[in-house]
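There are 2 protein chains.
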Amino acid sequence: MSTTNTPKPAPSGPHRLRARRIGIDTQYEAVVFMHKECSVCRSEGFTAHNRVLLRAGERHVIATLYQVTTDLIAHDEAALSESAWLRLGLQDGGIISVSHPDPVESLGQVRSRIYGKQLSDAALRSIISDVVDGKYSDIHLSSFVTACATRPLDHREILALTKAMVEAGDKLSWKSSVVADKHSVGGLPGNRTTPIVVPIVAALGLTMPKTSSRAITSPAGTADTMETMAPVELDIADIHRVVEQEGGCIAWGGAVRLSPADDVIIRIERALDIDTEGQMIASVLSKKIAAGSTHLVLDVPVGPTAKVRSAESADALSAGLMAVAEAFGIRTRVTIGDGQQPIGRGIGPALEAYDVLAVLQGAKDAPQDLRARALALAGALIELAGAAPEGQGETLAAQTLDDGRAWAKFQRICEAQGGMRKPPRSTHRRPLVAERAGRVFEIDNRKIAKLAKLAGAPDDKAAGVELHARLGSSVSAGQPLCTVHAESPGELAYALHYASANPGIIRVEEQ
Amino acid sequence: MSTTNTPKPAPSGPHRLRARRIGIDTQYEAVVFMHKECSVCRSEGFTAHNRVLLRAGERHVIATLYQVTTDLIAHDEAALSESAWLRLGLQDGGIISVSHPDPVESLGQVRSRIYGKQLSDAALRSIISDVVDGKYSDIHLSSFVTACATRPLDHREILALTKAMVEAGDKLSWKSSVVADKHSVGGLPGNRTTPIVVPIVAALGLTMPKTSSRAITSPAGTADTMETMAPVELDIADIHRVVEQEGGCIAWGGAVRLSPADDVIIRIERALDIDTEGQMIASVLSKKIAAGSTHLVLDVPVGPTAKVRSAESADALSAGLMAVAEAFGIRTRVTIGDGQQPIGRGIGPALEAYDVLAVLQGAKDAPQDLRARALALAGALIELAGAAPEGQGETLAAQTLDDGRAWAKFQRICEAQGGMRKPPRSTHRRPLVAERAGRVFEIDNRKIAKLAKLAGAPDDKAAGVELHARLGSSVSAGQPLCTVHAESPGELAYALHYASANPGIIRVEEQ
Chain G
5 MSTTNTPKPA PSGPHRLRAR RIGIDTQYEA VVFMHKECSV CRSEGFTAHN
55 RVLLRAGERH VIATLYQVTT DLIAHDEAAL SESAWLRLGL QDGGIISVSH
105 PDPVESLGQV RSRIYGKQLS DAALRSIISD VVDGKYSDIH LSSFVTACAT
155 RPLDHREILA LTKAMVEAGD KLSWKSSVVA DKHSVGGLPG NRTTPIVVPI
205 VAALGLTMPK TSSRAITSPA GTADTMETMA PVELDIADIH RVVEQEGGCI
255 AWGGAVRLSP ADDVIIRIER ALDIDTEGQM IASVLSKKIA AGSTHLVLDV
305 PVGPTAKVRS AESADALSAG LMAVAEAFGI RTRVTIGDGQ QPIGRGIGPA
355 LEAYDVLAVL QGAKDAPQDL RARALALAGA LIELAGAAPE GQGETLAAQT
405 LDDGRAWAKF QRICEAQGGM RKPPRSTHRR PLVAERAGRV FEIDNRKIAK
455 LAKLAGAPDD KAAGVELHAR LGSSVSAGQP LCTVHAESPG ELAYALHYAS
505 ANPGIIRVEE Q
Chain U
5 MSTTNTPKPA PSGPHRLRAR RIGIDTQYEA VVFMHKECSV CRSEGFTAHN
55 RVLLRAGERH VIATLYQVTT DLIAHDEAAL SESAWLRLGL QDGGIISVSH
105 PDPVESLGQV RSRIYGKQLS DAALRSIISD VVDGKYSDIH LSSFVTACAT
155 RPLDHREILA LTKAMVEAGD KLSWKSSVVA DKHSVGGLPG NRTTPIVVPI
205 VAALGLTMPK TSSRAITSPA GTADTMETMA PVELDIADIH RVVEQEGGCI
255 AWGGAVRLSP ADDVIIRIER ALDIDTEGQM IASVLSKKIA AGSTHLVLDV
305 PVGPTAKVRS AESADALSAG LMAVAEAFGI RTRVTIGDGQ QPIGRGIGPA
355 LEAYDVLAVL QGAKDAPQDL RARALALAGA LIELAGAAPE GQGETLAAQT
405 LDDGRAWAKF QRICEAQGGM RKPPRSTHRR PLVAERAGRV FEIDNRKIAK
455 LAKLAGAPDD KAAGVELHAR LGSSVSAGQP LCTVHAESPG ELAYALHYAS
505 ANPGIIRVEE Q
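The listed protein sequences correspond, in order, to chains G and U. When the count follows the numbering used here, it moves up by one through the first sequence with no breaks and lands on 515 for the last residue. When the count follows the numbering used here, it moves up by one through the second sequence with no breaks and lands on 515 for the last residue.
These aren't lab readings, by the way, just hints derived from the structure by calculation. Please note that a few of the clues may not be correct.
Copies of the same chain look alike in the list, so a pair counts if it works inside one copy or between any two.
Said to hold, decoys possible - For lysine to aspartate or glutamate, the following DMTMM-like pairs were computed, each having C-alpha atoms within a straight-line distance of at most 25 Å: (1) Lys368 with Glu514; (2) Lys451 with Asp106; (3) Lys40 with Glu161; (4) Lys139 with Glu514; (5) Lys139 with Asp106; (6) Lys451 with Glu281.
What you are looking at is a predicted structure, and each value in this text was computed from that prediction instead of being measured.
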């Protein structure tokens, strides 16, 4: 079968419009506003909410089209959201072309998986490549994530997804043959050991170029917390410079395009509040592989309301992580920890930063549980990397912390990353008090995390929850159990409303 | 645990802004534009892409927030998309309040299903209620649809989903104890029998208040085709009036809130290009139950590129549909038909309407396959409803069509629905021709449907594909096999590009 005239190479001829910056923040989503009656919409048959391909020079972005019927937008204009404007690298009055995007072939692979097939290496490569290229709408992204969660990825698929995620981004390489790294599985509020572990390990002469993520479903990720103390959006050159100079860094992984698909997938998982084993393994390890890590310690807290709830689940997850890590040549050790209650006092970026600073500075009131966990992880990593004999890593880590070398190293890392700064303090606070005297017998990690999120964390850096009670401590009636911190009265009220509707966040039983 | 002051009953105090209509068409999506520095954004801690609750009097809608940093929007204004404006029923200068929406509790049920649990009746009721209430974002909707497709719904879940979908909308009730209905499983382009079956059945004195859907993943649904001949967006009062007067109607189901969740779910399935058995059964039957149907004929075309590809699949689907239908007291008969190639000549709303009109008018060149299938279905329905003895329904149907009663009834139904009109003709056409002489041995239903969709169907009513060849017919080299119809040059080029890249749409073998 043939057409009577050969069609043009492009699906349709591009149409040129004057780009206009109108200062609309749509976050990640690229949006273009065009007049409904403009020649492009008419000739291309575009309707509102179509996805359209915008091109400016060598750059392109797929955007959601909204159509304007008033004189807000002229007929020869295309008004762009900030996200679209920046991705196209436009100047005022620049010219863009608008056309139909090609069909996204890899969506057929997503459909196949929904209908029961496994995904091949090539299929996952094409899916992840299209995800990174911005070709998937939220509907498509959510479907891919959900299909891989509802019928979990098998080992081969996890390997292939990890590989595809690494290949879709940049990679770091290091002169040192030992590149240390750590990762916490998360789910435990306040478990902010990285800013303590990195300076200890770096102070001992090891290389530890740590990239961390922002929060997925939690009130703070390490990058969120670290950002309250120093810039974390380092590019590859910055990371190399900081690590060459100081031996370590604590940077946001998303700014360096290490596994850039991960950040897209994480945004969807966050909206769905899900975080499955296969995607978690691929998420964690794709970052580590792309970062050039060779020795990795995994922190897996276990507790009834932590992400991992039983020793069996921890073993299964550890086995999955180790199997994939070893397949990529990364030496790995898993450290199972107590996940019954939050670590430290603060939950939320700035509140956790104050805990970190207290430990590094050796303050008398520093949270001892945070200190102990950081030393355990640093010790395991020092041993794995061969910098201390088996069984002596933790002692060496404690010495490095206690003699001030870790604190000095942390300050130098912050300066090298762009300058140390003081974490913000919240503007609106309210304590939650014990209704009766008694003993604290349960702290629900999930509910306390939700409380911190409703208060504004992690987007509002100073927001969150400050715990005053630990499991087993005795309290009197009316004594504050925790304080909710917020940056606006609306969010404070929102969090307090949740607290009053959920009395089981911190349970006190009469003695 | 208690807060020191009782929080206000609402999660946060509502904030009042002047509503401004700016004429932005975002289709179904409700969008609100507010200044980033306005008091509401600041005090509530809103960031771009947050979902916010808008209230005006008794009405409310959950909208996506975009933040403006220029003077496009004043600090005391909230500019609304047309969808949000219309749902709030606003007048110019009206006042709206903006606040955080309550957390969507039913999303926990969606997560449970992802993690392996079945959904209870109550869970499905709360999910569907929230879906209809607009509380689910596209990410949430896509996750629900995908979770129910990846691990298919079981019989109990399908029953519960069907029930929940019926309960979430309006219901029709009829004086007649026999209410006839039909449904085609779809997947077969051009299979547009409803506008022929309804007037035959109604002309025989039976009651047939037919509500149809728009296209899901196909180039035309019955409502899309019918709309080119008469208005289909009838409200409940309209439907009752038309049916009381003429015995039948052919209306769009979505306009009457019969199973309104169905239209939301269909939009997601369309974007994903999936259509699973459980959701299909719930979709079909929830509409029938809500429409008050008592006797139902199901048309299931079977062919290698139809939706149902084998006799076994047809039996399984029939069994599933019949089991659920019977559970709701609907007498059902399944008619398996030939699904090897499209029915009739036209594929696309208006092109199919011309086929329907040719059959109803008894035109010499009317497509005989469309006529035969419509008579088979009408005959089966007449027998099931007791209006003809077994084995004589089809003959009675043919008489009613041939003596002009059906055509007269169709015209009266169109007039009662708001006035008969002439389907539009396309403005841009191009034939696809045979590259060699030979015999047509394959027509790919899926590819020809995709070709029609790329040409603009169903949104562009006149767009689609007109077939000139049937399976087994002989063609000479250069003879047109079909003609692509479009309403814009861009879409015509887009479809032709696909055709040239996919030579197997209509296969000709040398004789």
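* To do: Run the structure past the numbered hints and jot down the numbers of the failing ones, going up.
  => Violated: hints 1, 3, 4.
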